[in-house]
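J.: Given next are the chains, with one letter for each unit.
2 protein chains.
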Amino acid sequence: MINYVKVKIFISFVMLFISAQVFPQINKSAGKYVLVIHGGAGTILKSQMTPEKEEAYKAALTLALRTGYNKLMAGESSISAVEAAVIVMENSPLFNAGKGAVFTNEGKNELDAAIMDGSNLMAGSVAGVTTIKNPISAARAIMEKSEHVMMVGSGAEKFALEAGLEIVDPKYFWTKERWDALQQIKKQDSIKKINNQTDKKSIKLGSENHDHKFGTVGAVALDNKGNLAAATSTGGMTNKKYGRVGDAPLIGVGTYANKLVGISCTGWGEYFIRSVVAHDVAALMEYKNMTVEQAATEVIMKKVPALGGDGGLIALDKDGNVAMPFNTAGMYRGTITKQGKIEVLIYKD
Amino acid sequence: MINYVKVKIFISFVMLFISAQVFPQINKSAGKYVLVIHGGAGTILKSQMTPEKEEAYKAALTLALRTGYNKLMAGESSISAVEAAVIVMENSPLFNAGKGAVFTNEGKNELDAAIMDGSNLMAGSVAGVTTIKNPISAARAIMEKSEHVMMVGSGAEKFALEAGLEIVDPKYFWTKERWDALQQIKKQDSIKKINNQTDKKSIKLGSENHDHKFGTVGAVALDNKGNLAAATSTGGMTNKKYGRVGDAPLIGVGTYANKLVGISCTGWGEYFIRSVVAHDVAALMEYKNMTVEQAATEVIMKKVPALGGDGGLIALDKDGNVAMPFNTAGMYRGTITKQGKIEVLIYKD
Numbered sequence: 001m002i003n004y005v006k007v008k009i010f011i012s013f014v015m016l017f018i019s020a021q022v023f024p025q026i027n028k029s030a031g032k033y034v035l036v037i038h039g040g041a042g043t044i045l046k047s048q049m050t051p052e053k054e055e056a057y058k059a060a061l062t063l064a065l066r067t068g069y070n071k072l073m074a075g076e077s078s079i080s081a082v083e084a085a086v087i088v089m090e091n092s093p094l095f096n097a098g099k100g101a102v103f104t105n106e107g108k109n110e111l112d113a114a115i116m117d118g119s120n121l122m123a124g125s126v127a128g129v130t131t132i133k134n135p136i137s138a139a140r141a142i143m144e145k146s147e148h149v150m151m152v153g154s155g156a157e158k159f160a161l162e163a164g165l166e167i168v169d170p171k172y173f174w175t176k177e178r179w180d181a182l183q184q185i186k187k188q189d190s191i192k193k194i195n196n197q198t199d200k201k202s203i204k205l206g207s208e209n210h211d212h213k214f215g216t217v218g219a220v221a222l223d224n225k226g227n228l229a230a231a232t233s234t235g236g237m238t239n240k241k242y243g244r245v246g247d248a249p250l251i252g253v254g255t256y257a258n259k260l261v262g263i264s265c266t267g268w269g270e271y272f273i274r275s276v277v278a279h280d281v282a283a284l285m286e287y288k289n290m291t292v293e294q295a296a297t298e299v300i301m302k303k304v305p306a307l308g309g310d311g312g313l314i315a316l317d318k319d320g321n322v323a324m325p326f327n328t329a330g331m332y333r334g335t336i337t338k339q340g341k342i343e344v345l346i347y348k349d
Numbered sequence: 001m002i003n004y005v006k007v008k009i010f011i012s013f014v015m016l017f018i019s020a021q022v023f024p025q026i027n028k029s030a031g032k033y034v035l036v037i038h039g040g041a042g043t044i045l046k047s048q049m050t051p052e053k054e055e056a057y058k059a060a061l062t063l064a065l066r067t068g069y070n071k072l073m074a075g076e077s078s079i080s081a082v083e084a085a086v087i088v089m090e091n092s093p094l095f096n097a098g099k100g101a102v103f104t105n106e107g108k109n110e111l112d113a114a115i116m117d118g119s120n121l122m123a124g125s126v127a128g129v130t131t132i133k134n135p136i137s138a139a140r141a142i143m144e145k146s147e148h149v150m151m152v153g154s155g156a157e158k159f160a161l162e163a164g165l166e167i168v169d170p171k172y173f174w175t176k177e178r179w180d181a182l183q184q185i186k187k188q189d190s191i192k193k194i195n196n197q198t199d200k201k202s203i204k205l206g207s208e209n210h211d212h213k214f215g216t217v218g219a220v221a222l223d224n225k226g227n228l229a230a231a232t233s234t235g236g237m238t239n240k241k242y243g244r245v246g247d248a249p250l251i252g253v254g255t256y257a258n259k260l261v262g263i264s265c266t267g268w269g270e271y272f273i274r275s276v277v278a279h280d281v282a283a284l285m286e287y288k289n290m291t292v293e294q295a296a297t298e299v300i301m302k303k304v305p306a307l308g309g310d311g312g313l314i315a316l317d318k319d320g321n322v323a324m325p326f327n328t329a330g331m332y333r334g335t336i337t338k339q340g341k342i343e344v345l346i347y348k349d
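Chains as they are written, first to last, in the working numbering: chain B, 1 to 349; chain H, 1 to 349.
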């Protein structure tokens with residue numbers, strides 16, 4: 001009788017252990033996505049959007065998804081897929097990356113990008129470049145053609161030239177909409193300074209308008225071999241000063257991929273850096289057995305807001321499950337399944 | 001009888017649970033360190049060291065420890081202590097940081113540094129600066145006087161000037177020993193290139209001599225209020241090209257602190273970035289309940305070498321426990337206890 005009870009209790013524990021190991025696998029097998037992208041999170045309000053603008057964004061996101069998907073279907077790597085998807089968004093004036101990047105305080109376009117191969121943890125990153133047409137390709141070239149991971153400024157541009165990448169006149173990145181945004185924010189900032197001269201926070205060097213922190217594009221893909229890759233590209237913050245670098249080009253912060261998950265972030269970079277967002281999502285999955293949805297939600301909806309930051313991320317795990325949490329009004333985002341089914345979203349619904 | 005067995009099994013599980021929770025606490029209370037520093041890991045061989053040089057390193061490390069310790073004893077924050085300790089090493093020509101920084105391929109000294117306050121996750125970082133006497137103070141000023149975390153290049157220098165930091169002529173950083181090292185490595189590299197023209201790896205852009213990757217200084221402190229802080233400063237790699245940035249200035253990679261642990265790394269930066277070393281140590285402690293020794297050892301002795309990288313780190317937890325693993329021949333390092341007992345080490349013994 002005693003033995004029977006012992007055996008029963010033992011079996012219960014074994015069952016509990018097995019279920020904890022197996023059930024997440026079963027849930028995960030419901031996943032079916034091969035590529036997920038974002039075009040930035042922020043104060044994207046339906047009330048401020050025209051039907052034409054909304055259509056333009058949806059068309060660009062769809063093209064990015066289709067382009068990356070075609071690479072995957074042709075048997076190319078997840079690295080090629082995320083690079084291709086990001087290039088589409090870098091080449092579109094709609095997004096704050098490549099053509100369409102926001103202006104710095106000095107009226108320049110300083111671009112940052114990063115890419116990471118989850119299969120071998122190889123990574124590449126550029127920051128503060130002004131002449132490389134597609135910064136994401138420079139990040140890839142650094143990963144594949146140099147022994148370094150991160151290069152900044154004119155040194156990175158020199159490398160890109162030697163690596164055979166397309167170099168453009170900085171004027172290529174000029175767009176009227178972003179230029180007007182810089183003029184507007186400068187005007188607002190000078191009014192703010194006059195109104196808040198006694199407010200300690202407002203006199204911090206490099207103080208920025210909160211609403212202009214967003215933008216950034218990114219992609220995460222899962223290829224036929226089961227390898228994940230993540231890529232992120234951005235023009236940073238409108239009116240940024242002092243060679244400020246945000247989270248996008250920082251491996252483990254705005255961009256990360258390993259064998260379990262790939263992540264690309266968009267949001268108020270300073271808070272994302274302090275939270276080491278992308279690696280934290282991966283660590284919660286690996287060390288606490290959270291699902292991609294649980295881990296991404298924990299970081300974006302709890303940890304980052306607890307510090308006062310906002311933004312979002314996209315994450316894709318090795319079983320094709322997607323998470324796209326954001327704590328802003330909207331986030332340009334889209335997914336494509338293995339069967340080619342595309343979904344593109346902007347607002348919370 | 002059955003109930004007795006059930007109760008016994010239940011008690012066993014409860015005891016197991018309690019012991020898992022309590023015993024680490026008991027072990028942790030043995031910890032007694034308040035400040036730990038490093039002056040770089042690498043190929044430091046006793047056979048190549050003179051007694052005079054060894055004494056000079058030990059004296060400099062002791063001075064750094066004493067300086068940081070005095071801040072703590074005066075009731076200042078862990079941030080002030082790590083900054084003070086790092087400044088001593090930046091101002092010494094012995095270490096690859098500040099005065100004593102190695103030269104880039106172009107014969108410049110490009111400096112990187114980062115600081116993080118574990119009590120509130122505030123952080124500051126600079127990369128690629130050439131005129132700031134103490135880059136660690138620039139990192140602190142960015143953390144405290146700007147809304148940003150990371151600034152690079154001339155933008156960061158402009159900020160440092162406006163923040164009132166000491167600006168020096170780039171010649172200040174010139175030292176004969178580092179200059180000679182650059183000339184030697186350039187000579188070796190050109191011989192290597194001739195000998196290995198068919199070796200694919202050797203033609204990678206930015207290829208470097210492995211033995212010249214090291215240096216970097218860092219400190220982690222625990223103050224009277226129980227707050228941790230970490231700081232790291234470096235001149236990077238001798239002969240570095242293309243605006244290369246290593247792990248030191250990257251929050252979560254070379255430098256990280258939270259309420260549980262503070263970490264500063266030194267080693268082959270590229271591998272440390274890909275491993276997101278500092279945050280991984282913190283995550284293993286927080287999410288897998290590892291001790292600081294277990295977590296630091298796991299990352300430095302297993303994960304980084306598995307990728308092919310080498311180096312070391314210092315870590316100090318909230319209970320005053322220290323870990324200083326390294327997988328190189330030596331690491332300049334030292335600790336000081338709450339009672340002021342100093343220990344300074346160079347080699348494995």
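Since the hints were made in silico from the structure, they are not lab data. Heads up, some of the hints might be wrong.
No distinction is drawn between identical chains; accordingly, a pair holds when it is met within one copy or between any pair of copies.
Unchecked claim - Derived BS3-like pairs (lysine-lysine); straight-line CA-CA distance at most 30 Å:
| # | residue 1 | residue 2 |
| --- | --- | --- |
| 1 | 302 | 288 |
| 2 | 145 | 302 |
| 3 | 145 | 288 |
| 4 | 108 | 348 |
| 5 | 187 | 158 |
All of these numbers come straight from a predicted model, not from anything done at the bench.
J.: If a hint holds in the structure, say so; if it doesn't, say that too.
T.: Okay, the hints, checked on the actual structure:
1. Taking CA atoms no more than 30 Å apart as the test, residue 302 paired with residue 288 passes in both settings, with 16 Å inside one copy and 20 Å between copies.
2. Only between protomers do residue 145 and residue 302 lie at most 30 Å apart by alpha-carbon distance; the minimum there is 26 Å, versus 39 Å within a single protomer.
3. Taking the shortest Cα distances, residue 145 and residue 288 never come within 30 Å of each other, neither inside one copy (36 Å) nor across copies (36 Å).
4. When the C-alpha separation of residue 108 and residue 348 is checked against a cutoff of 30 Å, the pair qualifies neither within a copy, at 33 Å, nor between copies, at 50 Å.
5. Proximity of residue 187 and residue 158 under a CA criterion of 30 Å is satisfied inter-copy only: 22 Å between copies versus 36 Å inside one chain copy.
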